[in-house]
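> Sequence:
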Amino acid sequence: MDSVLNQKTQAQLFTEARSHNAWQDRDVSDELLHQLYDLLKWAPTSVNAAPARFVFVKSAEAKGRLLPCLSEGNIEKTMKAPVTVIVAHDLEFYEKLPVLFPHADAKSWFAGNEAAINSTVQRNGSLQGAYLIMAARTLGLDCGPMSGFDQSKVDEVFFAGSQWRSNFLINLGYGDDTQLYPRNPRLDFSQTCRIE
Numbered sequence: 000m001d002s003v004l005n006q007k008t009q010a011q012l013f014t015e016a017r018s019h020n021a022w023q024d025r026d027v028s029d030e031l032l033h034q035l036y037d038l039l040k041w042a043p044t045s046v047n048a049a050p051a052r053f054v055f056v057k058s059a060e061a062k063g064r065l066l067p068c069l070s071e072g073n074i075e076k077t078m079k080a081p082v083t084v085i086v087a088h089d090l091e092f093y094e095k096l097p098v099l100f101p102h103a104d105a106k107s108w109f110a111g112n113e114a115a116i117n118s119t120v121q122r123n124g125s126l127q128g129a130y131l132i133m134a135a136r137t138l139g140l141d142c143g144p145m146s147g148f149d150q151s152k153v154d155e156v157f158f159a160g161s162q163w164r165s166n167f168l169i170n171l172g173y174g175d176d177t178q179l180y181p182r183n184p185r186l187d188f189s190q191t192c193r194i195e
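Read in numbering that gives the first Met the number 0, the sequence shown has 188 at position 189, and its numbers run on one by one without any break.
Watch out, some of these pointers could steer you wrong.
[Unchecked claim] Straight-line distance between alpha carbons at most 30 Å, and here's what the computed BS3-like set of lysine-lysine pairs gives: (1) Lys62 <-> Lys79; (2) Lys95 <-> Lys106; (3) Lys76 <-> Lys57; (4) Lys152 <-> Lys40; (5) Lys152 <-> Lys57; (6) Lys7 <-> Lys76; (7) Lys62 <-> Lys152; (8) Lys40 <-> Lys79; (9) Lys57 <-> Lys95.
[To be verified] Quick list of the computed label-pair ranges, beta carbon to beta carbon: (10) Lys152 <-> Leu38: 26 to 34 Å; (11) Ser107 <-> Asp175: 46 to 54 Å; (12) Asp104 <-> Ser189: 41 to 49 Å; (13) Leu31 <-> Ala115: 32 to 40 Å; (14) Gln9 <-> Pro43: 16 to 24 Å; (15) Gln9 <-> Ser45: 21 to 29 Å; (16) Gln23 <-> Pro67: 23 to 31 Å; (17) Ser45 <-> Asp175: 35 to 43 Å; (18) Lys79 <-> Leu186: 27 to 35 Å; (19) Pro67 <-> Asp104: 38 to 46 Å; (20) Asp104 <-> Leu38: 27 to 35 Å; (21) Ala159 <-> Pro181: 38 to 46 Å; (22) Glu30 <-> Glu60: 19 to 27 Å; (23) Phe188 <-> Ser58: 43 to 51 Å.
By construction, these hints were calculated from the structure, which means they are not laboratory data. Ideal Cβ placement from N, Cα and C applies to all residues, glycine included.
Whenever a hint applies, use it, and build me the whole structure from the sequences.
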């Protein structure tokens, strides 16, 4: 893989992509959500563990269950977003490793090892949430990732009786560019990087 993506593609993914807080009244189809997952699932995770789990909150009923879990500042934009993704992880992800990583007994590396489980789900589940953002942008969708919500309430409402736990939320749809805040600055290379 030695080709460089053109500047238009780089702009769509990075330099001109924005975090959206306002949304057009346009549906995001279930078919498009399937396409989204079918892209992001190919991105790497350690030992191919793929611990992230995604709940696409679309229906009025599901949005109503999510509402009391949100911080006040996130309510309006989340209720107006066509989809809100609960990016979660499965604390029993290792049960799938015999299929996902068949050339070693990787399940034994995690079963009963809480520290290894927790670090793996946090790191790799967060990576997969970021992959979802990038995959969504390739499909013409806009994203509004956020952490302003009560995780314990989300886990109780959406994941009771399971080993899934919430990590963060992503509003998803077609952003209203007329309501974007001015672009915030970024740190430059010298402030954040070293080459050794």
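> Does the structure break any of the earlier hints, and which numbers would those be?
Violated hints: none; all satisfied.
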